[in-house]
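Undergrad: Could you slot chain B onto chain A? The hints should help.
The residues making up each chain are set out below.
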Amino acid sequence: AQKVTQAQTEISVVEKEDVTLDCVYETRDTTYYLFWYKQPPSGELVFLIRRNSFDEQNEISGRYSWNFQKSTSSFNFTITASQVVDSAVYFCALSGPAAGNKLTFGGGTRVLVKP
Amino acid sequence: KAGVTQTPRYLIKTRGQQVTLSCSPISGHRSVSWYQQTPGQGLQFLFEYFSETQRNKGNFPGRFSGRQFSNSRSEMNVSTLELGDSALYLCASSLMVSETQYFGPGTRLLVL
Numbered sequence: 001a002q003k004v005t006q007a008q009t010e011i012s013v014v015e016k017e018d019v020t021l022d023c024v025y026e027t028r029d030t031t032y033y034l035f036w037y038k039q040p041p042s043g044e045l046v047f048l049i050r051r052n053s054f055d056e057q058n059e060i061s062g063r064y065s066w067n068f069q070k071s072t073s074s075f076n077f078t079i080t081a082s083q084v085v086d087s088a089v090y091f092c093a094l095s096g097p098a099a100g101n102k103l104t105f106g107g108g109t110r111v112l113v114k115p
Numbered sequence: 001k002a003g004v005t006q007t008p009r010y011l012i013k014t015r016g017q018q019v020t021l022s023c024s025p026i027s028g029h030r031s032v033s034w035y036q037q038t039p040g041q042g043l044q045f046l047f048e049y050f051s052e053t054q055r056n057k058g059n060f061p062g063r064f065s066g067r068q069f070s071n072s073r074s075e076m077n078v079s080t081l082e083l084g085d086s087a088l089y090l091c092a093s094s095l096m097v098s099e100t101q102y103f104g105p106g107t108r109l110l111v112l
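For the record, the sequence lines run as chains A and B. Oh and the first sequence: position 16 is 16 in our numbering, straight run, nothing missing. Oh and the second sequence: position 112 is 112 in our numbering, straight run, nothing missing.
Please keep in mind that the hints were generated in silico from the structure rather than gathered at the bench. Glycine included, every Cβ here is placed at the ideal spot set by N, Cα and C.
As a list, the in silico EDC-like pairs of lysine to aspartate or glutamate whose alpha-carbon atoms are at most 20 Å apart: (1) K57(B) to D29(A); (2) K38(A) to E17(A); (3) K38(A) to E99(B); (4) K114(A) to D86(A); (5) K38(A) to D22(A); (6) K1(B) to E44(A); (7) K38(A) to D86(A); (8) K57(B) to E75(B); (9) K1(B) to E99(B).
Computed spacing ranges between beta-carbons, pair by pair: (10) Q41(B) to T72(A): 23 to 29 Å; (11) T14(B) to G62(A): 42 to 48 Å; (12) N59(B) to F54(A): 28 to 34 Å; (13) R9(B) to K70(A): 36 to 42 Å; (14) R28(A) to L112(B): 38 to 44 Å; (15) L83(B) to G107(A): 18 to 24 Å; (16) V85(A) to R67(B): 35 to 41 Å; (17) R28(A) to T5(B): 34 to 40 Å; (18) T53(B) to R28(A): 21 to 27 Å; (19) I60(A) to L95(B): 24 to 30 Å; (20) T14(B) to T30(A): 47 to 53 Å; (21) T100(B) to T72(A): 20 to 26 Å; (22) A7(A) to T38(B): 17 to 23 Å.
Some chain A residues well away from chain B (every beta-carbon gap over 12 Å; in silico): (23) D18; (24) D22; (25) E56; (26) S65; (27) Q69; (28) T80.
Okay, chain A solo, but in the shape it has when bound:
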């Protein structure tokens, strides 16, 4: 069975601080995909990033960066120099063939960026 755990339920920071969101996953698939989605108050889930399980190279995209470590089954996400507009709930998700490629979500981490 697939499982995604986001231990942090809420994080509060002051603008321009960095925010790191933790994500730990479980899967029996050897090939799988990991995602981060953002859900602002409007409710729509906005796709941020996707990583293939074979690609452990960590990257930076603008103010976003991620740290994928297969050895510890973690897929952490960092927002650098946070802004008020980053306030939202962030979801880590996993998909793989064992579960029919559906998305399995973590419980989400609410990020509050104060001015």
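TA: Here is chain B on its own, set in the frame of chain A:
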């Protein structure tokens, strides 16, 4: 390119009624998935359709059903509504199965 659209955006029903929600995927996307989001259970997978066929179904009672049309548009239906069906229902589309899913704005259903 227009994103995923869902109608209606808000809906109020009473227990025992039925409801139909509609989803139009991104142009060219052939896979449509539905998810239910509640404060208690979080985001849960309902079902996935590809080429008018249900490929995968989540752990929901038979009151929840769906279908996909030849133009990839999808509908989901909930019969005999219960209070616990109050939720945000999100539709997502992807180019193919296992590709990145892009979500619509959701339909907020309130069952009284």
